[in-house]
Amino acid sequence: MTALVAVQYRGLAGALGADSLAALAENPAIRTLFGPPVGLDTAGGFTVWRTGTVLAVLVGIWAASTATRLTRGDEEAGRWDLLLAGRLRLPSLVARVLVVLLGASAVVGAAGGLGLVVAGAPVSGSVLFTACLAGTGMVGSALGVLCAQLFADRRSASGVAVAVLLAGLLARMVSDGVPALAWLAWFTPFGLLGRAAPFAEDRWLPLLVLAVLVTAVAVLAVALATGRDVGHGRLAGRDRRTAPSRLLTSLPGLAVHRTGRPLAGWATGAMAYFLLIGLLATTMTEFLRDNPAFADLAAQAGFAQLVSVEGYVSALYTLLAVVIGAFTASRVAATAADETAGRLALLYSRPVSRARWAATEAAAVTLAAVGLAAATGLAAWAGTAWVDAGLGLGDAVTGALSVLPVALLCLGAALAALGWAPAAVLAIGVLPAVGGYLLIVFADTFGWPRAVRWFSPFAHLNDVPAEPWNVAGGIGMLAVAVALATAGCLGYARRDLAG
Amino acid sequence: MATSTTSVPALRMERLGKRFGTTDAVVDLSLIVPAGEVFGFLGPNGAGKSTTIRMLLGLLLPTSGAAWVFDAPAGDVERAHEMLAYVPADVALWPALTGRECLSLLAGVGPGIDAAYRDELLERFALDPDRKARTYSTGNRQKVALVAAFSTRAPLLVLDEPTSGLDPLMEREFRACIAEAAARGQTVFLSSHQLAEVEAVCSRVGILRSGRLVEVAGMADLRRLHRSEVIVELAAPEPGLRGLADLPGVADVRWPSPLRLELSLTGPPGTVLRALGGADVAHLEVREPSLEEIFLDYYGQVPA
Ligand SMILES: Nc1ncnc2c1ncn2[C@@H]1O[C@H](COP(=O)(O)OP(=O)(O)O)[C@@H](O)[C@H]1O
Ligand SMILES: [Mg+2]
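Protein chains in written order, with my numbering: chain E, 1 to 499; chain Z, 1001 to 1304.
So that you can see chain Z by itself, here it is in the shape it has in the complex (with noise of 0.2 Å):
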């Protein structure tokens, strides 16, 4: 299916701008996703990624610039919508149509539905498809929603932060979908601000910061971006180890008392580790920040 438009990029926005009232929600957003690619779009809370992906969707007009999905204006839903699926931040369905209604409403008005998978899907995800959508929680609409995004085998997935309600059951299926997605060909862009999930599923992201794209780039360069926060405790003094502060990646040093030590490390944690080698360690704990630390971190040095 999407073998005819390889050489046309799934997405493509030009300068793409939203204003609502007073708040820039999108500021010049320039960016290319190539068909075939797993695209993460990375932001906090507020950052615009909704913002983005409604006027990629139509939902929302520009203020600014222009979307395309594929060839097709992003305006032009009845042509650029035969080509992609969204899954919302918040899905809402009509409380009283079952589940596999909804499902039929949304096969029935679109280009047509791979009906096994789809019930494949309905059995992966656990979903009973004959309850009422006012019985349905955040994350049961939400697996409707998938349901109906993926069984469309459509060439363009758009999600919005599809995994907000899921239990981690249900978002290791999802991460299984996503992979069999992309094994097709299908190209995904996947909002989300979760870190872990966005490492374990794109190979490239772009991240978002109050409306403009700061950074674009590989998976790999990312990590780059991670810092972690070391914290050691000793069961006897060591001195030796004041020297740590001196070692490549290491930063924020800090001795809360002469037993305990904590320490911030941008990349690999070999040194570390050798350093710590010669010392009586009792207790050893690497915690990984929180993209939103990450987001700090990186915006300090960046000042935007």
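Next up, chain E with everything else stripped away, as it sits in the complex (with noise of 0.2 Å):
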């Protein structure tokens, strides 16, 4: 993706002039958003504004989930008792796959950057950002392990880990955005990534705080593993809770239950972030309004409205598509792997058919998708009404709304996974959305034909609220979701139960 994007770039450069750049370069609403844009007169510079955060977040989250997926998850699992039963202690086993998963993500973050060398940029600058991604891959994975011996199941430290890192995005962008606040890019790697600034000024001191990060949370990942007992999280919470919920007493109940916390979850971390979205609106708006050359270039790149506040409220929404859907697909995934665990027997051997429950789980996950976009929708909405941005409270809304086909495409996708293809439900289920994403992006880019450009769900997605619904769009892809959701559970009723 690196090398593309290097590549992509010689076709954008000499359209831009220095002037264009350094409007660019000062406006908070891009700092906030892309990170500082500096370098941008070179192919690598470029690269690292375009892809470095993104890519950052993608290896950060995959080592962090990875690494409570091989400490917590394998120790939950039963599979360290037997390499404890040994002369391995729990803090000299955890270290040790510490060390093996920092440097599985040191190699990750490597590849990234190997792209841009590919592509010939500068080798020092290369050289940075490549450290900087691998750097980022072992916070990461090192936050992974710490969160791993915090709490005793692999879902809340796997959850609380990517928040972290999730947070940490957040802290980079209010450090860019707010100038009082610009000392916070020091304490997490995207904003390290920003101080190092690979290509322009090809900074070395932020690496070592980089290093130091990573050693500090490793460190105390081992110090936390030492004395603790085996199967057990540092952070217990209450053991006992005397009042039952009331839900759990009926199979509807029992899904609205479950859903009710990673909803609370993701809603968060959406809310948070959409919020900000809408916070930066009119400085957004106002800056393109004034620069016609970066109008042009984001009408080129597919947001021709981006001078609006609707235009511009509506192309982030793409994103929220990729956010719901993810949540979506996680949910499937949440049944799939308590069937592996043997945490469905006892609920199937009650007269439960398969297929009533996935639908049952399948109905409070679209409840909880509607109201996860309703409520990202009214954060977006807050942001642009404190700025005085213009934008209405349906409009917001319902542009939120919008993106939900999209979403439950993810939900149909996942639950022919659960039926057909148990072991790949999350990467199949996220397939419309990242992978629908990545095929407009490169459809576009490369002037694919309209045929393949079909293929992704976003090619039937309007830019709502600047645009009006694509109900034909809409109808479709639910139509899809829905063959797709029934052939699951048909599959799912006729397996084989793991576990």
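Rather than coming from a laboratory, the hints here were simulated on the basis of the structure. If a hint is listed, it holds; no wrong ones were tucked in.
So, partial list: chain E residues that the calculated Cβ filter (under 10 Å) puts toward chain Z: (1) Ala-152; (2) Arg-238; (3) Asp-239; (4) Pro-244; (5) Ser-245; (6) Asp-338; (7) Leu-346; (8) Tyr-348; (9) Pro-351; (10) Val-352; (11) Arg-356; (12) Arg-495; (13) Leu-497.
Where is the CB? At the ideal position from N, CA and C, for every residue including glycine.
Starting from two chains that each stand alone, build the complex the way the hints lay out.
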């Protein structure tokens, strides 16, 4: 991907003058959303600016969730009991796994930076960028191992680790948008990437800070492993609850109960991000209005309406489709994980058919997705209202709701995977959103034929509220989602249950 | 509850088979368990007990044959499971739910339970239901499943090695519950590899070996398979005992030393004890063989 963007840059070079670049670098909205635009006059610098944050987030999240899976996941499944029955002690086992994970995430991070060297960018900047990506991966895995020491179940551990990483991203945004809080950047790998400024300043001090960050988190993780019991976490929470939940007496109640907490977590993250998006609305639209060169550029990339607040918000709602899609897929993946762990055997020994449970769960997740979209729309509206950007509440919410067909396509794909490929529920579930997004970006960048572009769900989504709903597209996607879900439920009822 | 269905067998399996890749886990298993019977399903680890039970529950699809619960096909879970309750071999619960929440969930999605009996069972099994499942030991998770199963009063109880994590006190309570269920006319299908447990509660047993049902017999017939190890230590040598080997039921007579005698005995020990009567016996030990040994013994005679 980095190589792709570096090559793409060649086409854009020269389209922008030095004045435009300076204006871009000074605009707080641009700085907040994409990081400080420095070194844009080089292919490497442009690539780092366009892809650096996204890549760093992906590498970090991958590293954190892999780390919790290989530590707390294995411990929870009892696979560590055997290892620890010998002479190996818990802290040394944790330390060994941590070292392997740090190495693996460094390799994965380095792979992203390698693309730049391949594309012919200067070596020092490429090495710096690669090191920053690798460092972000290492922070992610150390954080994952740290959370695995704190929480007794993998889901909490990886949830909190990813949340801390995303909070780091938010901190980077705030540090770039609010000068008084610029120092925050020094405490997050994403901020340090911006401070290192590969291809522009090529500063090495932030890299040193990143190394200190990795070491600190890693040492803390191993320290917390010392003196704790195998199978337990440092933060145990309460072990007793005398007032049983009243939801847990029926199938729909169970579905609501298990969706509630994850929904709250995802909603908090999405609302915080879109509140920020809303707060930046006027800065962003005014900037584009004053710098037509960028508005043209955005129009070429498919964001024609970016100069109006409606267009700006609707362009960013594309991201919301990916977020809600990932949420729905992760909920079905949780059901698949429950199956592998044997937690569904007792439920299915009652007069409950698998199709009925899957449908009940899907209904709860659908409602949750609607809630997530509405809440995010509300947050975006609150942000725009604060800066008087003139976005209507109805517009903000309907725009957010308009991405639901893509999210439900993810739910359908995840259910199909539950029936026919239960080991890959998450990967197949996020495919319509993530794969569809990449497909449309590639198709637009390289001018691929419309027939290829058509396969991306995003080709059937209008920029609501800037444009009216694409009713036919929405209905079509819902029909595909229902067909996938039905096929999945049929397959689920007709296969062996694992665990 | 069970009266309306007494004429129909509680469980019927016809040529049931399950193959995992190249492993035949269960082969051609045909078995009928009449309503009201306490049936022991015996076999060493890996014999195919859990696989059979998971097919009865509709959790696994048979590769061949079919099974019925009363007269409902095992695959029609909404009907079949109205009439049964199940305790899996490894009980996994949602870690964040309390025992009470698990129980009320399982009760709520089924045809209803005897709440008073459930509370009594919680007392008897000494289970604290307000703790979260993640704090439960294997035995405690098993207790949750047992309480849930017994409190349904379902006409058929399918139990897969339900006492593997219970201490002896709790195991006694478990046997009492089985006896109560049997007295109430409930059918019990109990998988186990603990002979003592099966002997104590079951009226008929089936023995499974490498996925095949090699024997279905009443409890009295199973005793026929029993072979105990007898160890005798003598205060003084007794050459007259050399004739022991000719007694009925005696095999494998060994003399590690002139003062120590070991033999295997099938059937009642009366004749051997009479023969020992004249000797100066310092120490006598009769060791019941493990189920595994009985199996080995049994399979030695019946190559399969
Ligand atoms: N899901 C599976 N995949 C492959 N083989 C299996 C699976 N489940 C059970 N087996 C195999 O089937 C045989 C019977 O296993 P099981 O029914 O669990 O035995 P038991 O409950 O009597 O100990 C064993 O050889 C086991 O390895
Ligand atoms: Mg078993």
